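A.B. asks: What follows is each chain in one-letter form.
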Amino acid sequence: MPAQLWLGDEAVAWGAIDAGIGGAFSYAGTPATEIFETVEALAPHVWARWSANEKAAYEEALGMSYAGKRALVSMKHVGLNVAADPFMSSALTGVNGGIVLVVGDDPGMHSSQNEQDSRFYADFARIPCLEPSTQQECYDMTQEAFEISERFKLPVMVRLVTRLAHSRANVSTSGSARSSSRFIVPRSGSAADSKREEVRALPRPDPDDWTLVPAHARKRFRHLIGLQPELIAASETSPFNKLTLAGKRGIICTSVGYNYVREALEANPQDSILRIGQYPLPAGLIRRLVDHCDEIIVVEEGYPFIEQRLSGILGIPGKTIRGKLDGTLPPDGELLPDLVAEALGVVKAHPIAPDSIVAGRPPQFCKGCPHAYTFSAMTDAVAQFDEPILFSDIGCYALGLMPPYRAVHACVDMGASVGMAQGASRAGAHPVLCTIGDSTFAHSGMTGLIGAVQSDANITVVIMDNGTTAMTGAQDSMATGETLIEILKGLGVKDLQVVEPLPKAHAQCVEAIRRAIDHQGLSVVVARRPCIHVKKRAAVTLPQAED
Amino acid sequence: MRHDIIIAGVGGQGILTIARVLSMAALAKGLHVKQAEVHGMSQRGGAVYSHLRISDEELFSDLIPSGQADMILAIEPLEALRYVQMLRQDGIVVASTNAEVNIADYPAIEGVLQHIARFRNHVAIDMEKLARAAGGVLAANIVALGAASTYLGFTSGELESAIEELFARKGERVVETNVRAFRFGRTAAAAYLEAIGRGASPESIRGWIATLSPDHLASAEDLDFAGLETSADASKLSGAEAHAFESMLMGAYDEGRRQLYEHEVYRLIELVGAISPPRHTFIPKGSTIAEQVLQSYPGERVVIKLVSSEVVHKSDSGAVVIVPKDLERVRSEIDRLIARHSEQVPVAGALVVEFIEHDARGLGTELFVGIRATREFGPVIAAGLGGVQTEYLAAKMLPGIAVAKAVATETDAEEFLEMFRQTAAYDILAGQIRGGERLVSDGELLRCFRAFISIARQFCIDRGAEGPDIGELEVNPFAFFNQHLVPLDGRGRLKPAAKAAPARPPELVDHLLEPKSIAMVGVSSKPDSFGQIILRNILASGFDPEKMSVIKSGTGGAPVFPVGVKIAPSISDLEHAADLLVITAPAAAIPGIVDEANASGKVNAAIMISGGAGETEGSEAIGEMIQNAILRGRLAQEPEDHKFQISSLNAAGEAREPSIGNPKSEISKSPPKGNRRSGRNPKSAVFLGPNCMGVQSRPGKYDTFFVPTAKLPSRHDLPAQPVAIISQSGAFIVSRLSSLSQLSPAFTISIGNQSDVTVSDLLWAIDRRGDVQVAAIYLEGFVDLDGLETLRAVEHWIAQGKTVVFYKAGRTESGRSAAAGHTAAVAGDYDICQTAMRHVGALVANDFREFSQLLEMSTLLAGKQVENGRIFAVTNAGMEAVGMADALSSEWPDIRIEPLSEPFEGQIATILGEHRLDKLVSRRNPLDLTPMASEAPYAAAVRLALNREEVDGVIVSCVPLSPTLHTLESELDDPASFIHLASEWSKSLKPVVFVIDSGREYNALADAIQQRGLPIFRSADEAMRRLAQWMQSRIAQRTNEEALDVASASRR
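Protein sequences appear in the order of chains A and B.
When we follow this note's numbering, the leftmost residue of the first sequence carries the number 53, and every step to the right adds one.
When we follow this note's numbering, the leftmost residue of the second sequence carries the number 66, and every step to the right adds one.
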């Protein structure tokens, strides 16, 4: 196959497709969204449906794995918090068909609420983690991850960062996609009983392994611990971990940090370099580097994961270890070629000063966005109150925090608004409103709302139903339109109004929200109008639709 | 090879598509690509960018290190600037000028564009507009790609393939639109770079690009940049600007409009690159201003003006309002303004203009600058005090003080600024009056004048195109803001293109001056008829009767013609060709004779004597017929001009024989002829008149004047003087000749209606003879653009040290009309003629008496040398000394009566001592010798003065009643008499004039002195004024001569 120009995300997707996955599971989240979308769009033979949330996605993948097929599950870093429950436990159950969990971390928080480093999750769960530096490695490592997953019967994490996920480069592919036909289920009896020839030859999984009652779980945990030396040994010999000994300064680098080191040092680095792409950390390689060098600089994207392990509490006598902990590199934010060059003492000229005329241009509501009108109505509706509390959620509508609305007082995680509202009302606040999108509501808002319905919390939930997951590029929503209404009714919502956020309907919107506030107990207002981009796309096909 | 490119824009503009196309093209070439994108909130109107790296070697970082980008490619101008720190020192900025104003603190777009223009390598064009032209505004990103492509190592084909591939799934139309958008961008950027490279302003080149047709834009690599050739002449507009101009003029003209709207005038002057108008937006009737547009205006208020071809003085007509910058308010005011005026006049719309708080400080702190195409002189430029008082001030102040004006084709900006410095406007604007503060720099004025002159030279005259000329273009007023000119109102007028008739070949005009043979047609038998008188006068002048023929058809009657004169029945029957044909037939017969003369091929030149040939009421038809006959002759044999050929003449045209040599070599010998084209039928004759007295030629020994010798004695006994008098009025000539009895010009020419030969034709022809030093011209009107050609001829005369005395009648004729603008009011045709002629060094007479005096003086002083303007005067009367000093004025800035230098004064003291005048006479200039002086101290003082370097001209004045002087007719023989001194003085190389201010008893003295070569005046102050005028013109001539040495090559 000729070279392709792929995003890191696309390369991962193709790596998975070519590894013969039977399914891809995900909930949209930048920067991981395009992984699933690529599979969905380009591999019709692979099962791919958006899941309601990351936890559901992971569990669906797990099920597919148990049933013998390879499964890809992808999400953004905070999505793994949602999926942490099945993820942590799957390390104990192990897998049947390979599971590769691709996590898109977002150092620099381009579009996230934190910059947590998923390598800690992999370490936490004691599973292998692969960390590509290039798009080519995204493809190669994803394929290799499935192999590792099945070799050790463990889920394997591939950790991406935004910069790599959303950057394109040339990728060559093997071109030989393997078929996903490892269908095998754990049943009492032996494989020899299977009606299917090819299955009869395979070892039969033991269903006890996958059933984490305490007795089984203790056994599985010991098994997992026992695997660790093997995993480290695999890292020592992995082609993705590469040690080059040269000068007395050593550089340990991972992910895009490796690229920036090479960019700064150009063709012939004088320094010793250990480039790490596979975890658990290859202790032997690290020891050889440290022995060879006087000074170690750790250039890793994310938290100082390696650096901290290297220096521990006491450091290494006689060796200087530098990185994010000693301020050689900034402890937060994204690595940049300039920062790395500076850390390595390579100073390059910056000939042109930033132009002082430039004004900031933060993201804002698109012209005609229904959210903007909903917020207008809300701010008018609560204007008469001294201390309204307005919670919000994850989505475009978080922009309601900007002037002139300033209608977001808290935004924490997916679905949090409903729960926070209920809590605030229990503290005696009034009025308490929350805004949540239809997709976020489906993701995690419903669970909070069930509680609010049951306790009839005196809050107003405004569900902004724009029919899509707009912020990540308009993925389908699971709880929109009449489906949403039925869900709400099903959850037991009694005080329910639907309005259309339009300038001409401003008075009705204000009135509806005012009425909802006045209602003692839980009330829900659905502000329903499609996202303008969804509308546009339906109308015409635009050359710019790529973006 | 490596390209590091930052692609920037606002979410939704499609920057990733640009990156995608480039990446695909790179991939197809097997290059390495890294392309970092921003996803997530990219559709939310925020700043988005992509780092694109393309290389033939392995790339590591997905991000471009700071200071290393080769290019910033931005679909939004502010976004281009956001990443400048990424750019390397000599990096390239390619940006759209379309501001996406979705933030409150978006800076003024002008500032943003200026910042972009600071990059030596930059392209800043209106990409949305180009995209719209290509088929859809959404393709602006691909326009940007096209613009950038000129810098990238890809062929158009490679990138177009990538575009086709990328858009293929969206259908053919989308592919087409985007390929076209790519080409538009590429073409526009190439044009922009080319123009920027040679110093054109970004505004002007953007203006030009805006006028390119889609076909032109789509031509991509095949674009012919010939139209963008840089002119060697810095003041000339580039092809790009000229093209933009042309499109605009044609656009308005094709709409049937003759007036240019204010915003169009702004556009035109902006295109020239010198002047930035205030922000303005034209709101066509029926539409309204967009909120975003209004918000982009600086300040709190805006001005709304009516746009109508009928409303010239807007502020007088209530067509201007100033309103707060409030959308609803502005919209309603626009509607109200349009509605209010629509009942009375046609309204095109409204103009919303930035409200400028300018630095006005009372009367005279605004500037007016305008150009106007005059019928006679072509475009003129005028500048003076602006505002509503422009005309009033121009009328009430001295010429040259209120308004500077000049013929635009003959003036450059530096020269015009020099003229403008003489005006009151300059004094005020340059802060040279009490309490004044400089409002504008000379450099700014210079740029402004250069702009207007450039426009005038290229769009008011000699256009070659059939398109309209700019008849008028003016800005009144310019206000001042931080020493910059800011136009606050402008108007313009279009008119059909003016063309000068081709110059008549001087080698043919020569035959009017010195014909070898003469034929006459239309001579009646009556002895006192014009024809008979002329015939006799020709022969009486010494013309060889053997070379005379008379065309006389018919039979019978006694021979009425003098012996020797040949008689032929028709022109074609003439035995030999006639150098000159004198036509005395009635006007109605002239057209036929002209045709016959041209058809015969036997006539080189002709004089049409008869009047009633177009100049009088009722004779216009005949005049036109004569004109047409001449035109037929001129064009009949020009094969490239088939459309002008008149079929009835074809047969007649066959038989002609060449009458002159190779026209090409003849033309190359002819004097420079400015811009008049010499395309002509080489066999057609030239025609003088009609309605003229013809020619008195001393070298040619002939005289067609039909004045009996008794009434105007012939001057054959006097030697011919190197003088030519050219007059439109025969009567004027004969009156002058009669009163100036000692005048004996080599040529006296009455030109009549100038249906063919014009005053400039004659000037050029006489100029090249070399035997004439002084031309005296009396004119009532020039034919179209012949004023300009005459001006050039006069300048050429004067540059050679010759003198031209000029009188133009028709002061009241000014080309003014109710609809005309300020320029016509302050720089009328007559004013321009006077100013321009004076400027090139002609002696411009204000009345007949001055004309006579200047003519006489110029004749007698021909050949004198003038270094400077220092006059020494000697008199015997105190009142004359005072009167002479008083007569000097600022009109002749170089003429001075300087105090005596110490050595000069010492020598004068000696003379006074010798003549015992030292007790009576003060040693100063003018030197008043007192009535006690005889001729001897005069002689000594004048001799001394003529030998002193510090004296350039001398006036000798006497009140002849003093008993010590020999001034009566009876005393003239005395050896002491002035007449002997006159002989001595007239030999000096310095000019000396003599004044006798007294009655007819002293006419004999005056005549005797004049006969000895000194100009005589009968009043001392008049003598001072005329000498000053004459000397000033000689000084101007010297300056011109120097200038001409330098400029002749380039200007002509």
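These are computed hints drawn from the structure, not numbers from a lab.
One thing to keep in mind: the hints can contain errors.
With a straight-line Cα cutoff of 27 Å, these simulated DSSO-like cross-link-like pairs (lysine-lysine) come out [what the hints assert, rightly or not]:
(1) A:K419 <-> A:K271
(2) B:K591 <-> B:K350
(3) B:K581 <-> B:K766
(4) A:K419 <-> B:K390
(5) B:K379 <-> B:K390
(6) A:K271 <-> A:K205
(7) B:K560 <-> B:K350
(8) A:K419 <-> B:K194
(9) B:K631 <-> B:K591
(10) B:K390 <-> A:K556
(11) B:K581 <-> A:K419
Being a predicted model, the structure only gives us computed values, none of them experimental.
A.B. asks: All hints, please: hold or fail.
C.D. replies: Here is how each hint holds up against the structure:
1. A:K419 <-> A:K271: Judged against 27 Å, a Cα distance of about 58 Å means the pair is violated.
2. B:K591 <-> B:K350: With a Cα-Cα distance of about 73 Å, the restraint between B:K591 and B:K350 is violated, given a limit of 27 Å.
3. B:K581 <-> B:K766: It holds: about 10 Å lies between the C-alpha atoms, which stays within 27 Å.
4. A:K419 <-> B:K390: Roughly 22 Å between the alpha carbons, so the hint for A:K419 and B:K390 holds.
5. B:K379 <-> B:K390: The hint holds at about 21 Å.
6. A:K271 <-> A:K205: 15 Å, holds
7. B:K560 <-> B:K350: Holds, at about 25 Å.
8. A:K419 <-> B:K194: Roughly 21 Å separates the two Cα atoms, so the pair holds.
9. B:K631 <-> B:K591: Answer holds: B:K631 to B:K591 is near 18 Å, not above 27 Å.
10. B:K390 <-> A:K556: 26 Å, holds
11. B:K581 <-> A:K419: Status violated; Cα separation ~90 Å.
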